[in-house]
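**Q** Sequence:
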Amino acid sequence: MAGSDHQRRYQRAWSRLSAQILLANLAGLFVLLAGVLVLDQMREGLIEARIANLRSQAELIAGVLEEAATYGEPKPTLDVPRASSVMSSLYLADEAARVRLFDAKGALIADSAILLDKVRVGPLDPVPEPHGLAERVQAGVVDFIHKVRELPPFKRHISKYTRTIQEEVSLALLGEAVAGERIGENGERLVSVSVPVQRVVAVLGVVTVESGDVDAIIAAERRALVPFILVAVLVTLLSSTLLTIFIARPIRKLARTAEHIRRGGQHRTMPDLSNRRDEIGDLSRAFEAMTAALYDRLGAIESFAADVAHEIKNPLTSIQSVVETLPGIEDPERRARLLKILQNDVQRLNRLITDISAYSRLDVDLARTRAEPIDLPRLLTDIVAGYGNSQTKSNIPVTLDIAKQTPNIIYGSEDALARVFQNLIDNARTFSPQGAKVHVRVEPGNLDGSGKSEIVRIIVEDEGPGIPEQSLENIFTRFYTDRPEGENFGSHSGLGLAIARQICTAHKGRIWAENKTRLSEKNPEAGTVVTGARFVVELPTDMRS
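For the sequence shown, counting from 1, position 516 maps to 531 in the working numbering; every step adds exactly one.
Some clues are possibly wrong.
Below are the BS3-like pairs computed for lysine-lysine, each with C-alpha atoms no more than 30 angstroms apart in a straight line [said to hold, decoys possible]:
1. Lys419 x Lys523
2. Lys419 x Lys452
3. Lys531 x Lys419
4. Lys355 x Lys328
5. Lys531 x Lys452
Computed beta-carbon distance windows for the label pairs [as the list claims (entries may be wrong)]:
6. Tyr310 x Arg533: 43 to 53 angstroms
7. Val545 x Asn410: 22 to 32 angstroms
8. Ile260 x Ala42: 18 to 28 angstroms
9. Pro242 x Arg312: 55 to 65 angstroms
10. Asp346 x Asp311: 47 to 57 angstroms
11. Asn68 x Glu294: 51 to 61 angstroms
12. Gln449 x Arg533: 13 to 23 angstroms
13. Ser254 x Glu200: 49 to 59 angstroms
14. Asn68 x Pro242: 50 to 60 angstroms
15. Ala351 x Glu484: 35 to 45 angstroms
16. Ile316 x Asp430: 18 to 28 angstroms
17. Gln449 x Arg300: 50 to 60 angstroms
18. Thr492 x Asp416: 22 to 32 angstroms
19. Ala351 x Lys452: 37 to 47 angstroms
Hints listed in this document are in silico derivations from the structure and should not be mistaken for laboratory results. Yeah, the Cβ is synthetic: ideal placement off N, Cα and C, and Gly gets one too.
Could you build all of it, start to finish, from the sequences and the hints given here?
**A** Now the structure itself:
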């Protein structure tokens with residue numbers, strides 16, 4: 016159990032994104048370390064500098080020997096005792112250098128390692144003490160670098176430096192200075208320069224100056240770089256940790272909450288990252304808005320399902336009552352009335368199901384529909400013209416008035432907007448008495464200085480009894496019905512105005528209802544009287560913006 020708890024804590028702290036961040040940072044660090052510690056640019060540069068230094072020393076010594084230890088004309092000769100004496104009196108500031116003198120046959124005449132036979136006295140190495148953490152880490156890094164350098168891609172091949180001292184001297188006796196790397200007697204790598212000792216054109220001997228401290232110098236330089244390497248590693252780990260805390264973990268919290276919501280868990284808000292002014296904060300706010308919209312939609316679906324169940328239950332209850340009562344009724348007149356009730360309930364149920372289906376699909380249909388240009392005057396003209404041929408019992412005429420400067424083209428779904436206008440006109444005709452008219456008026460709104468309209472307003476007015484003040488907003492509620500006297504109960508589903516508002520909202524517009532009023536002609540002191548209802552639809556000329 017303890018192990019599983021530890022594993023869960025580890026998974027919470029280090030996600031896959033955290034591991035990728037760490038690996039990406041370490042990859043860059045390793046490339047840097049390889050360039051600084053493994054490749055040989057530093058070594059090659061140091062070798063060239065060392066060769067130049069040794070060459071200057073060898074040429075200086077060869078010049079001194081030429082002046083002080085050669086004699087004879089026209090055939091010069093090297094004075095070996097004098098040359099040995101000159102070699103003994105040499106002072107070499109470079110203690111790491113070794114100087115040797117060879118005669119014209121390649122035989123060794125003098126060697127600074129023998130001539131300068133001095134016992135070096137120095138303090139003893141301190142007694143080894145237990146290393147601290149820093150020393151152990153430094154030693155480990157140096158050992159790691161040494162092992163890496165021994166790998167085939169980076170190892171310097173000894174076969175490249177198989178030239179011996181004798182071969183180097185033989186080449187120098189030809190009259191040209193020889194410089195480069197070679198292998199010493201004990202197998203160590205040496206930087207060596209051999210310069211001929213000449214008098215006129217005769218080669219009388221060779222001075223060889225060599226040094227084996229290049230690898231030691233490079234090793235010291237690498238040890239000096241170890242603290243910087245450790246600091247770079249710490250910075251990389253710190254950077255990875257901070258990126259994990261500020262990027263990976265917030266994203267993981269958002270993902271976990273989203274997964275919880277997807278699985279249908281209880282209501283849970285997204286992690287509050289709204290105070291962040293970066294992409295993570297934008298993502299958090301977008302998730303929060305999406306989650307709120309999702310829960311709102313779920314609540315709307317639940318409310319809609321309850322309303323649908325309630326509305327369908329009424330006709331079903333009536334049908335059930337008629338079906339249970341009908342077998343026991345023998346009076347033909349009563350049976351006919353019950354059958355009529357049954358027929359009306361079936362029609363009401365069918366109408367409810369049709370309107371409910373259309374209402375439930377409306378959001379999806381609007382989301383799939385692309386905004387297209389609509390010739391608004393033509394659309395309204397066609398709709399109004401259709402009512403001129405209406406053969407319904409309430410043959411109420413419909414008039415259309417289009418104001419000047421009204422935009423001809425708006426953008427949206429023509430079928431959906433046509434449904435809005437038809438619903439409003441049908442509703443107005445239903446509440447209009449015989450002999451009345453329904454007026455449709457179109458006018459621009461929000462005119463700017465150039466006379467350009469940003470919105471268009473469509474107004475539908477009737478001459479009916481108006482709308483009670485307390486119902487001006489309720490009439491847009493689903494299944495709300497307040498029908499005029501004389502109409503059969505259940506002849507309307509109560510979804511027409513709700514559908515109209517839903518379509519207007521999807522088009523970034525709005526719809527509202529109000530009453531028409533005027534002063535009472537019979538009794539002016541009584542104030543205003545209601546002369547009908549007015550529905551106002553405002554739509555942007557371009558819902559795409």
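**Q** Evaluate each hint against the coordinates.
**A** How the hints compare with the structure:
{"no.": "1", "hint": "Lys419 x Lys523", "verdict": "holds (24 angstroms)"}
{"no.": "2", "hint": "Lys419 x Lys452", "verdict": "holds (23 angstroms)"}
{"no.": "3", "hint": "Lys531 x Lys419", "verdict": "holds (23 angstroms)"}
{"no.": "4", "hint": "Lys355 x Lys328", "verdict": "holds (19 angstroms)"}
{"no.": "5", "hint": "Lys531 x Lys452", "verdict": "holds (14 angstroms)"}
{"no.": "6", "hint": "Tyr310 x Arg533: 43 to 53 angstroms", "verdict": "holds (46 angstroms)"}
{"no.": "7", "hint": "Val545 x Asn410: 22 to 32 angstroms", "verdict": "holds (24 angstroms)"}
{"no.": "8", "hint": "Ile260 x Ala42: 18 to 28 angstroms", "verdict": "holds (21 angstroms)"}
{"no.": "9", "hint": "Pro242 x Arg312: 55 to 65 angstroms", "verdict": "holds (60 angstroms)"}
{"no.": "10", "hint": "Asp346 x Asp311: 47 to 57 angstroms", "verdict": "holds (53 angstroms)"}
{"no.": "11", "hint": "Asn68 x Glu294: 51 to 61 angstroms", "verdict": "holds (57 angstroms)"}
{"no.": "12", "hint": "Gln449 x Arg533: 13 to 23 angstroms", "verdict": "holds (21 angstroms)"}
{"no.": "13", "hint": "Ser254 x Glu200: 49 to 59 angstroms", "verdict": "holds (51 angstroms)"}
{"no.": "14", "hint": "Asn68 x Pro242: 50 to 60 angstroms", "verdict": "violated (29 angstroms)"}
{"no.": "15", "hint": "Ala351 x Glu484: 35 to 45 angstroms", "verdict": "holds (42 angstroms)"}
{"no.": "16", "hint": "Ile316 x Asp430: 18 to 28 angstroms", "verdict": "holds (24 angstroms)"}
{"no.": "17", "hint": "Gln449 x Arg300: 50 to 60 angstroms", "verdict": "holds (57 angstroms)"}
{"no.": "18", "hint": "Thr492 x Asp416: 22 to 32 angstroms", "verdict": "holds (30 angstroms)"}
{"no.": "19", "hint": "Ala351 x Lys452: 37 to 47 angstroms", "verdict": "holds (39 angstroms)"}
Consistency with the previously given hints fails for number 14 only.
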